[in-house]
Amino acid sequence: MKDIIEFLIKAKRATYAGKGSETSPTRPQSHDLTYSEGDYMYYDTYLGGGKFAGEEALWIKEKPYWSMNYVGRVTGANFSGDFLKEALYHVPSDKPFRGPEHYEDGDYSYDCKVEGTFEWFQGYETICCRGEQVYECRFHGGRVE
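Using numbering that gives the first Met the number 0, you'd call the opening residue of the sequence shown number 0 and step up by one each time.
Quick caveat, the hints were computed from the structure, so don't treat them as lab data.
Treat the hints with care, since some could be wrong.
Label-pair restraints from in silico Cβ distances [stated by the list, open to error]: (1) Gly130 / Ser23: 37 to 45 Å; (2) Arg137 / Asp38: 26 to 34 Å; (3) Ala76 / Arg142: 34 to 42 Å; (4) Lys60 / Ser23: 19 to 27 Å; (5) Lys60 / Thr125: 22 to 30 Å; (6) Arg129 / Gly48: 19 to 27 Å; (7) Asp93 / Lys50: 25 to 33 Å; (8) Gln132 / Lys1: 30 to 38 Å; (9) Ser29 / Gly130: 33 to 41 Å; (10) Lys18 / Asn77: 16 to 24 Å; (11) Met0 / Ala76: 35 to 43 Å; (12) Gly105 / Pro63: 36 to 44 Å; (13) Pro63 / Ser29: 29 to 37 Å; (14) Asp93 / Arg137: 14 to 22 Å.
Lysine-lysine pairs mimicking DSBU-like chemistry, simulated, CA-CA at most 35 Å apart [claimed, not checked]: (15) Lys94 / Lys84; (16) Lys94 / Lys62; (17) Lys112 / Lys62; (18) Lys62 / Lys18; (19) Lys60 / Lys84.
These numbers come from a predicted model, not from an experiment.
Glycine included, each C-beta is placed from N, C-alpha and C at the ideal position.
With the sequences and hints as input, model every part of the structure.
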């Protein structure tokens, strides 16, 4: 399990959180990012921007292993996509879903609450700018068989 989580974190940092390049869209106007290494393949695809929905998934030897769905929206004028990526880059190994429980930089703060384990989980994240909420996202997922 440790190798899988290490790969997942590396993949997240190499794609959206690390400002990685998008691949060709698989659906009209989708944003798609992929990362692979050995037997592991990670895929992140989402629709929208200010209001968005997407899925991250992990395959091992071309078999689906883990997936996470997310849906979110910008709720304030001072939202920073760069700050969101910065927070997500700090994904913790004990909860490798989105960002850390709490992260701050300048005027921005990120908070993430998660219930469950890698096998089955759900969570909610927010970003505030100078104490005013400017972003929210809900996510859930786990192992697939």
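Hint-by-hint comparison with the structure:
In this structure the supplied range 37 to 45 Å holds for glycine 130 paired with serine 23, their Cβ-Cβ distance being about 41 Å. Checked against the hint of 26 to 34 Å, the C-beta distance between arginine 137 and aspartate 38 comes to roughly 31 Å, which is consistent with it. Taken as a hint, the range 34 to 42 Å holds for the pair alanine 76 and arginine 142, whose Cβ atoms sit roughly 39 Å apart. At about 24 Å, the CB distance of lysine 60 to serine 23 agrees with the hint of 19 to 27 Å.
Between lysine 60 and threonine 125 the CB atoms are about 37 Å apart, so this pair departs from the stated range of 22 to 30 Å. The hinted range of 19 to 27 Å is satisfied by arginine 129 and glycine 48, whose Cβ atoms lie roughly 23 Å apart. Taking 25 to 33 Å as the suggested C-beta distance range, the pair aspartate 93 and lysine 50 conforms, at roughly 30 Å. Distance hint check: the CB atoms of glutamine 132 and lysine 1 are about 35 Å apart, consistent with the given range 30 to 38 Å.
The beta-carbon spacing between serine 29 and glycine 130, approximately 34 Å, falls within the hinted interval of 33 to 41 Å. Remark: the range hint 16 to 24 Å for lysine 18 to asparagine 77 is upheld by a beta-carbon distance near 20 Å. As the Cβ distance of methionine 0 to alanine 76 is approximately 42 Å, the hint placing it in 35 to 43 Å holds. In this structure, glycine 105 and proline 63 meet the distance hint of 36 to 44 Å, their C-beta atoms being roughly 39 Å apart.
At about 18 Å, the beta-carbon gap between proline 63 and serine 29 misses the expected band of 29 to 37 Å. In this structure the hint that aspartate 93 and arginine 137 lie 14 to 22 Å apart at CB holds, the actual value being about 20 Å. Pair hint lysine 94 plus lysine 84 holds up; C-alpha atoms about 17 Å apart against a cutoff of 35 Å. For the proposed pair lysine 94 and lysine 62, the alpha carbon gap of about 22 Å is at most 35 Å, so the pair holds.
Simply put, lysine 112 and lysine 62 have alpha-carbon atoms about 29 Å apart, close enough for the 35 Å limit, and the pair holds. At roughly 27 Å between alpha-carbon atoms, lysine 62 and lysine 18 fall within 35 Å of each other, so this suggested pair holds. Using a Cα cut-off of 35 Å, the hinted pair lysine 60 and lysine 84 holds, with the two alpha carbons roughly 29 Å apart.
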